[in-house]
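**Student:** As a plain string of letters, each chain reads:
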Amino acid sequence: MTKLAVLVAMLAVTGGCGRDGAEAGSRPLTVFAASSLTEVFPELEPRARYQFAGSDDLALQLREGAGADVLAAASLNYSAELHDEGVVGQPVVFATNRLVLAVPEDNPGGIRSVDDLSAPDVRLVIGAEGVPVGDYTRQVLDNLDATAVLESVVSEEEDVKAIVSKIALGEADAGFVYTTDVRSAEEDILSIELPAEAQPTVEYTIAVVSESERKTEAQDFIDLVLSDEGVEALEAAGFGTP
Amino acid sequence: MRWFQLLLIIACAVVVAFLLLPLVALFLRVSPGDLIAALGSGVALDALIVTLKTSAIAHLLILGFGTPAAYLLATKRWRGHSATVALIELPLVLPPVVAGIALLSVFGRLGLLGETMDVLGISISFTQAAVVLAVVFVASPFFVRQAIVAFEGVDTGLLEAARTLRASPWRVFSRVALPLAARGLATGSALAFVRGLGEFGATIIFAGSFRGVTQTLPLAIYGELDQDFEAAIAISVLLVLISAALLTAIRWVPSWNPFTLTSR
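Sequences listed follow chains U and W, in order.
Just so we're aligned, residue 1 is where the first sequence starts under the working numbering, counting upward by one.
Just so we're aligned, residue 243 is where the second sequence starts under the working numbering, counting upward by one.
So here's chain U without its partners, still in its complex pose (with noise of 0.2 Å):
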């Protein structure tokens, strides 16, 4: 634990020489948000700061110390187990997303269905376990009985974006990917609609950071997401609202 608290120790004065040079009034109100937000954030509000990867690489980053204000994660554990750890305050579902089959837009390998999947030579690409699109891609499977279409699979992604560039550039026959993700490279990417009943729960959370300097702005960013513009601003990109 001492080990910890030395390294904590030193992000804070790190961060502390950061702070210094600004006013403490200019800094932006920083913003951690999953990748599948990049979308949709910046247009709503666009003087945060804002950080997009994968959701389990933000709560990582958070629980070593980084300075954000709100986290916004494409799933409930995560900001439920960082409720618990005190890292986030009380997290509140605001989007809710649905899982599709992605390929690419002249489909080489004819995927039609899940169940072309398991043909020989078809490359999948899937989030690996752990990353949130990884372990709704293997509960969608579950639900279908077609796990045996993960002997297809040839790369496991730490992120939604990289399965869906790795299908935008023709490497991948197909991925599971969000519904949200196809919308931003159309052009390139068609969707396989999924069966509604095997759909996992995809809800996204928003929680103001513990330690946070600005939690009055955090909620205002929060109730902004949540207002009838925020609910515009998500349908449009393709996310479901509570």
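Rather than coming from a laboratory, the hints here were simulated on the basis of the structure.
Warning: the hint list may mix true and false statements.
A short list of chain U residues far from chain W (calculated; beta carbon distances all over 10 Å) [stated by the list, open to error]: (1) P28; (2) L60; (3) H83; (4) R112; (5) E129; (6) S155; (7) E157; (8) T216; (9) D220.
In silico lysine to any residue, SDA-like type, Cα no more than 20 Å apart, as pairs [stated by the list, open to error]: (10) U:K161 x U:I192; (11) U:K161 x W:F452; (12) U:K161 x W:L467; (13) W:K318 x W:F452; (14) U:K215 x U:V87; (15) U:K161 x W:V339; (16) U:K161 x W:V418; (17) U:K161 x W:G443.
Short derived list, chain W residues pointing at chain U, Cβ under 7 Å [claimed, not checked]: (18) W245; (19) F246; (20) G350; (21) L352; (22) Q370; (23) G465.
For each residue, glycine too, the CB sits at the ideal point set by N, CA and C.
Got chain U sorted already, so can you dock chain W onto it with the hints?
**Tutor:** Relative to chain U, chain W alone:
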């Protein structure tokens, strides 16, 4: 001039502390027991095997093509010679992510050679061949650059003498130039190998990440970061230890070559 000496010592201390502190912190964070437990896990072992296998193949390619190429670049001059050397060094300063995209643009399905390879039934992405290519691309400049310097450091008088004694170009190369440049070649070889072990950006883009196939040690570290933080640190420590051992070993290679001066 006492203050100047002091300045040098302070600057050196800052450099050493800044470079070593993060590594020391890494070691403090994992107990030897955790380290062994994490390394016993399948993920670390699989990644170690993939890394050593791909690095070994890549290294043979680097030495096999890089040594003669460096010899030519060191002994002959032609128009565009220095441009060639500069271009060979380019991957040194290229962000690895760019290297990955560049490799895809050549060998990917939609790349320059993609269609040709498709016809031949060859598919490189997501295979160990892709890992090898990524490692060769980012690591070979480390060797070639050092090898050129090593060959250039060989006394041309000795090469001339061998030629006047009617040694064939092959004999001049293999019996005179190669032994005299050996130490420099070994240093470059070790640098390239260590750089190859740590290759991440080009690999994850070009080869993807799959346990036992394309997941090398750095990719396994990234993958374990969210799963098992302790394991990620343990694999990091393993990678640091291997690299440090190789870099130290090369310092200990005896300089059995009486003709070249080396800085030790």
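**Student:** So, for every hint listed, does it hold in this structure?
**Tutor:** Hint check results:
no.	hint	in the structure
1	P28	holds, 26 Å
2	L60	violated, 6 Å
3	H83	holds, 18 Å
4	R112	holds, 20 Å
5	E129	violated, 7 Å
6	S155	violated, 3 Å
7	E157	violated, 7 Å
8	T216	holds, 31 Å
9	D220	holds, 30 Å
10	U:K161 x U:I192	holds, 18 Å
11	U:K161 x W:F452	holds, 17 Å
12	U:K161 x W:L467	holds, 18 Å
13	W:K318 x W:F452	violated, 44 Å
14	U:K215 x U:V87	holds, 13 Å
15	U:K161 x W:V339	holds, 14 Å
16	U:K161 x W:V418	violated, 54 Å
17	U:K161 x W:G443	holds, 15 Å
18	W245	violated, 27 Å
19	F246	violated, 28 Å
20	G350	holds, 6 Å
21	L352	holds, 5 Å
22	Q370	violated, 12 Å
23	G465	holds, 6 Å
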